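Asker: Sequences are here, hints too, so could you generate the full structure?
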Amino acid sequence: MTIDPPVAADGAAAVTFASLGLSSELVRAAEKLGWLVPSPIQARAIPALLSGSDVVGQSQTGSGKTAAFCMPAIERVDPTSKKTQVLILVPTRELATQVAAEAEKLSSFKKGVRTVTVYGGASYERQFADLGRGAQIVVGTPGRLVDLLGRGSLDLSAIKVLVLDEADRMLDMGFSEDLEKLLAAASPERQTVFFSATFPPAIRGLVEHHARSPREIRVDRARDAGPPAVDQVFHEVRHHAKSAALGRLIDFHDPRSGLVFCNTQRMVDELADWLLDRGCAAERLHGGMAQPQRTRVMEGFKRGAFRWLVATDVAARGIDVQDLALVVNYDLPIDAEDYLHRIGRTGRAGRNGMAVTLVSGGAGFRLGQIERALGLRIRREPVPSVRDVAAKRTAGVIDRVREALSVAGGPASSPVVEQLVKEGHAPEAIAAALVVCYAPVPPLNDHEESLDAPSHRSPPGRPFGNGPGGNGPAGKRPYAKRPYGQKPGPGGPYPPRGGDGPPAGGYAGGDDGPRPPGKPVRKFGPVAGGGDGPPRAPWGKKPFPKKKTWKKKKPGPG
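Per the numbering used here, the very first residue in the sequence shown carries number 1; after that it's consecutive.
These are computed hints drawn from the structure, not numbers from a lab. As the structure is a prediction and not an experimental result, all values here were calculated from the model. A virtual CB, placed ideally from N, CA and C, is assigned to each residue, including glycine. There may be inaccurate statements among the hints.
To be verified - Okay, derived cross-link-like pairs now, DSBU-like style, lysine-lysine, Cα gap no bigger than 30 Å in a straight line:
1) 83 <-> 110
2) 422 <-> 392
3) 392 <-> 242
4) 105 <-> 242
5) 160 <-> 110
6) 392 <-> 32
7) 302 <-> 242
8) 422 <-> 302
9) 83 <-> 105
10) 242 <-> 160
11) 32 <-> 111
12) 111 <-> 302
13) 82 <-> 181
14) 82 <-> 110
15) 32 <-> 160
16) 82 <-> 111
17) 32 <-> 105
18) 181 <-> 302
19) 111 <-> 160
20) 110 <-> 302
21) 242 <-> 181
22) 181 <-> 160
23) 82 <-> 32
24) 302 <-> 392
25) 83 <-> 181
26) 105 <-> 82
27) 83 <-> 32
Said to hold, decoys possible - Here are the computed distance ranges between Cβ atoms for each label pair:
28) 276 <-> 213: 52 to 58 Å
29) 452 <-> 299: 23 to 29 Å
30) 427 <-> 33: 47 to 53 Å
Answerer: Here's what the structure looks like:
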């Protein structure tokens, strides 16, 4: 394998698509899409693919790798032949639709090139008809492609280019055997291309068996720290306050569109219903929905029919929405790769974006694992308060009013304002009423409950426990000692008792106060009225059942 030295994501030379050796048709297509300069992965992968070499490309999501393999593949297509010449394998239906749409745009000036998508959940009859009419480029998921291959509807004998996009995800989803079947059925003279964000050992095995002296192209991005235009923040919140924290984030950031990720289909449904009840225009997307419904939801989100999409990781690879401003990890993903693909939905193609992660309970430990795997430190911030939301909304209203007043000649007169002035209302009162009606600010609450949880993260450079610079004694996590007999919280867990009973602080180990010398330790807490009553059941347990006594019946007469 030939390994090209990795370069940073911002280290691309000042090249153009025309200088890469592409035809005029593809250069015109790139200009139509507004692409003036190729991205780093495109600048390095396109010449290698045009030379006919097998390529192993590693670059993060949103870096333009789809065009990096689509453009050279389209160059090799013969429009006069109706046989399948390019096969692109992807893990999900959404990604198949996205890749096919980009291939169609790039081939728009090359007449006679036809692209077909093939995936599970769609009609067999339509896919039979599409393949029967002839398609030079086929984009699909491995399961359905193997099915069509077995039925004789898909012919791979004339394949010139075979691309595995998101190969790591396909292996994670259990497509290993299907990939082997498709690679074995394709023409041995093909060009094999692997593109992925990560390359675990299983993919290395595929490359060794099915690629011929491939060139490895890597574009490092600050040790895979994520898209550089994405501001990454996390909020440590109490578990019961996660939905309230999400609502506060929506009010504070007020983005044009946002994507919320959950780990389960049930959580997606519950959170989407909660957003709808809150008055947000939201939809859901997960693997339990029928394919036509998933397609309808994706199309609606792309055209702006609703602002919020709640989804599982099925949407983490395959969503390409223009100007997606905010991504929220409502549930923390399982591994670092899923985290990268989630936040990669925003900040695409050089745009700015923001990724917010809500952490509660033991998820803080998993967040630390993700940080170590990616070599980054995600910034912790408190959840915006109601006062923060009000201040930001007020500033926004003032900016919009200033912009309207700065127009040459001032704003045009309003019949509404003129009528209200005639009725005797002061202009200041009219302006205040208009702001209340059309730019309301949430009321302030002096007794607002904090949504933040105590931080379990050590300061930078001060790890927990052992060794120099740690926060606790050597080999142990830091902890706070309490005096003997003291329980957490004011007054202990039990309310004050009446009578001459023990103090409310409670005995150490569950008794009712400082234990006198020689007094045996009772297992459970006090009883009402104090004193040494019978033991009671622990908190959250059912009371002890009464002991049944059996009386021996006296024999009756006779």
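Asker: Each hint needs a verdict: does it hold in this structure or not?
Answerer: Each hint, compared with the structure:
1. 83 <-> 110: holds, 16 Å
2. 422 <-> 392: violated, 34 Å
3. 392 <-> 242: holds, 22 Å
4. 105 <-> 242: violated, 41 Å
5. 160 <-> 110: holds, 18 Å
6. 392 <-> 32: violated, 38 Å
7. 302 <-> 242: holds, 27 Å
8. 422 <-> 302: The hint is violated at about 47 Å.
9. 83 <-> 105: Holds: residue 83 and residue 105 sit about 20 Å apart, inside 30 Å.
10. 242 <-> 160: Judged against 30 Å, a Cα distance of about 51 Å means the pair is violated.
11. 32 <-> 111: holds, 16 Å
12. 111 <-> 302: Holds. Residue 111 to residue 302 sits at ~27 Å (cutoff 30 Å).
13. 82 <-> 181: Holds - the C-alpha atoms of residue 181 and residue 82 are around 23 Å apart, at most 30 Å.
14. 82 <-> 110: holds, 14 Å
15. 32 <-> 160: holds, 27 Å
16. 82 <-> 111: holds, 13 Å
17. 32 <-> 105: Measuring from Cα to Cα gives roughly 9 Å; hence the hint holds.
18. 181 <-> 302: violated, 35 Å
19. 111 <-> 160: With Cα atoms ~19 Å apart, residue 111 and residue 160 stay inside 30 Å; holds.
20. 110 <-> 302: Holds, because 26 Å separates the two Cα atoms, which is no more than 30 Å.
21. 242 <-> 181: violated, 45 Å
22. 181 <-> 160: The given pair, whose Cα atoms are some 17 Å apart, holds under the 30 Å limit.
23. 82 <-> 32: holds, 27 Å
24. 302 <-> 392: The given pair, whose Cα atoms are some 28 Å apart, holds under the 30 Å limit.
25. 83 <-> 181: holds, 19 Å
26. 105 <-> 82: holds, 19 Å
27. 83 <-> 32: With Cα atoms ~28 Å apart, residue 83 and residue 32 stay inside 30 Å; holds.
28. 276 <-> 213: 52 to 58 Å: Given a distance of about 55 Å, which is inside 52 to 58 Å, the answer is holds.
29. 452 <-> 299: 23 to 29 Å: violated, 38 Å
30. 427 <-> 33: 47 to 53 Å: Check passed, 50 Å falls within 47 to 53 Å.
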